[in-house]
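Undergrad: Residue numbers (the numbering used here), protein chains in the order written: chain A, 3 to 281; chain B, 6 to 357.
Rather than coming from a laboratory, the hints here were simulated on the basis of the structure.
Derived BS3-like pairs (lysine-lysine); straight-line CA-CA distance at most 30 Å:
(1) B:Lys350 x A:Lys118
(2) B:Lys8 x A:Lys144
(3) B:Lys8 x A:Lys156
(4) A:Lys101 x A:Lys170
(5) B:Lys132 x A:Lys97
(6) B:Lys11 x A:Lys148
(7) B:Lys132 x A:Lys135
(8) A:Lys170 x B:Lys11
(9) A:Lys93 x A:Lys104
(10) A:Lys170 x A:Lys148
(11) A:Lys181 x B:Lys346
(12) B:Lys337 x A:Lys148
(13) A:Lys156 x A:Lys181
(14) A:Lys10 x A:Lys78
(15) A:Lys225 x A:Lys101
(16) B:Lys337 x A:Lys156
(17) B:Lys132 x A:Lys92
This one's a predicted model, so the numbers in the text were calculated from it and none came from an experiment.
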Amino acid sequence: MRNVLSLKDVTMQFGGVVAVNNLSMDVNEGEIVSLIGPNGAGKTTVFNVITGVYEATNGRILFNEEVMLENYPKGKMKKLYKGENAGVYKKSVVKLPDKITKMGIARTFQNIRLFKSMTVFENVLVAMHLRRKSNVFTATFKLNMKEEKAMREKALELLCEVGLEDVKDELATSLPYGKQRRLEIARALATQPTLLLLDEPAAGMNPQETDELTAFIKHIRDKFNLTVLLIEHHMNLVMDISDRIYVIDFGKLISSGTPEVVQADQRVIDAYLGVTEDE
Amino acid sequence: MKKTTKNIIYIALLLLIFALSYVVDIIAPYSMLVTVLRKGAVYALVAVSMNLLNGFTGLFSLGQAGFMLLGAYTYAIFTIPTAVRESVYYYYEGGIINFQMNMILAMLLAGVVAAIFAYLIGLPVLKLKSDYLAIATLGFAEIVRALAQWDGFGKITNGSNLLKKFPVLDNTTQYFLIVAICIAVIAMLIHSTYGRAFKAIRDDEIAAQAMGINLARHEQLSFVISAFFAGIGGALLAIFQTTVQANAFKSAMTYEILLIVVIGGIGSITGSILGSFLFIACSEWWLRFLDEPMFIGTFQVPLLRTGFRMVVFSVIIMIVVLFFRRGIMGDKEFSLDRIAKLFRKKAKGDKK
Ligand SMILES: Nc1ncnc2c1ncn2[C@@H]1O[C@H](COP(=O)(O)OP(=O)(O)O)[C@@H](O)[C@H]1O
Ligand SMILES: [Mg+2]
Chain A
3 MRNVLSLKDV TMQFGGVVAV NNLSMDVNEG EIVSLIGPNG AGKTTVFNVI TGVYEATNGR
63 ILFNEEVMLE NYPKGKMKKL YKGENAGVYK KSVVKLPDKI TKMGIARTFQ NIRLFKSMTV
123 FENVLVAMHL RRKSNVFTAT FKLNMKEEKA MREKALELLC EVGLEDVKDE LATSLPYGKQ
183 RRLEIARALA TQPTLLLLDE PAAGMNPQET DELTAFIKHI RDKFNLTVLL IEHHMNLVMD
243 ISDRIYVIDF GKLISSGTPE VVQADQRVID AYLGVTEDE
Chain B
6 MKKTTKNIIY IALLLLIFAL SYVVDIIAPY SMLVTVLRKG AVYALVAVSM NLLNGFTGLF
66 SLGQAGFMLL GAYTYAIFTI PTAVRESVYY YYEGGIINFQ MNMILAMLLA GVVAAIFAYL
126 IGLPVLKLKS DYLAIATLGF AEIVRALAQW DGFGKITNGS NLLKKFPVLD NTTQYFLIVA
186 ICIAVIAMLI HSTYGRAFKA IRDDEIAAQA MGINLARHEQ LSFVISAFFA GIGGALLAIF
246 QTTVQANAFK SAMTYEILLI VVIGGIGSIT GSILGSFLFI ACSEWWLRFL DEPMFIGTFQ
306 VPLLRTGFRM VVFSVIIMIV VLFFRRGIMG DKEFSLDRIA KLFRKKAKGD KK
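Let the sequences and hints guide you as you build the complete structure.
TA: See the structure below:
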């Protein structure tokens, strides 16, 4: 199995708060891997570090076996740093989020971030901008009609894929939550990723919608040859869909393995599973 | 309504506007109306260019007057006929430029010079934090205004003296035509894939970046294009005024344009155009009386005196910002569908 994403000793520290603590994990080609943990465990922060929204304080991230990020505590952090493996990483390689998306990592947001002035269709269309061949001149003077047409067709195709073609001309933010989440997925797919990061895609969905989503994620994984990294609280979905699971608490990895292994792990039950079942 | 019918109506409207601009020169030359139409057209272009950046890309820049100054000076400097340079650059032995450019080329050059300056400002500012753009552009506008009047550049800029005797446009239709072409280009840009990217940045920077949109590059692009058209607008303003003097390009000019953008609706091209004509009509014509002392018999109406117009304006600005933040058009465009809808709503309401 080819390795797609690899985090090595990644620490993200905000001031004095260590949100992700020395986390290492691997995602292989074609897998669906879940990242779970209680609220505030640092899951979203892991996504933000992978996608370059935050600059990790220490550690290294490889994407398709290429160094995508490497960093070590610098400046004020030198003194403040509370994580491990200080001094192991000596280079500073940082990429901006748009570059990372271009390399093939797309994501959705836990707190939905659709473009609020745009229609459903335009939200997908704009995500195709990064693969353009046109420049500002050809685009303005409509010398890129072929490309524009192809973009529109592709956008419509993706909307059909997620079942939103009938609301394509509505304002994105006027949709109910479930549909907004699906639109976020369509928009992420429009960037033509090889690795898809989904941050709580089932949040706010009822059990039936959640089941549909489970099938849907598998479907797009197969159809678009994706590798999927998923944050989710719906345990049925996680256990059903995941090839492997990583569990974090307070930013630290507490368990990992197949769903069966993780489910039986006492540390996971203590820290997390026990709690959710009470809810 | 069918698409072809609509297009025919739009074209008819456009032709009507141009016909009017032609007729007005014939029946009412040198009238206030001509002034308003010409200056209104120039300000419409500058307002739309500002809207491209502030309204569609969500960057706050206050450098419009500075870019207009660059455009106005570039145009004037390169189009003054060689024969009259001696008299214009009287204090600087005729200046150092001794050729005359074609008007249209000079206008384009005016845009290019403004764009180059925008590029140089944007390079450091937009790479770091676009929040500083307002301060940087405001400072830039003040600096170019000072430099344009500096004696050291006198051989080029004529120091603090007027630039004059450059060729001007002689009918309103020409103003309308140039402005219409420029605004059409901006509108086409906004409707292109780049325009969508600009709007994405405005709506949500983090999501835009996650969609692979390079923030710095697109912000820079919008900024440079905005400045390009502000530069052309500056050239047109020079043409409208027939003379150029750096002192006219104060930050108050930028605020006027900002006000037009806000009145018209942030993120609406047609709003900026409407707002511009409305604003110019008020400031040049309808509200002029506020600046002149008025007597009823021997009673002098209080408050009316030079400067009072600006007070009234400030109050209007406050009212707009407080209560009509979305302006005339909001972020919508003028369209027949919208008007038809409005009428239908009314008809329905009447029936009830
Ligand atoms: N930008 C930030 N600045 C400071 N603290 C942050 C920031 N982002 C996240 N954190 C902190 O990191 C911790 C983990 O947050 P998050 O990753 O959102 O958790 P999860 O997604 O697992 O619920 C929280 O304690 C949060 O306060
Ligand atoms: Mg989260």
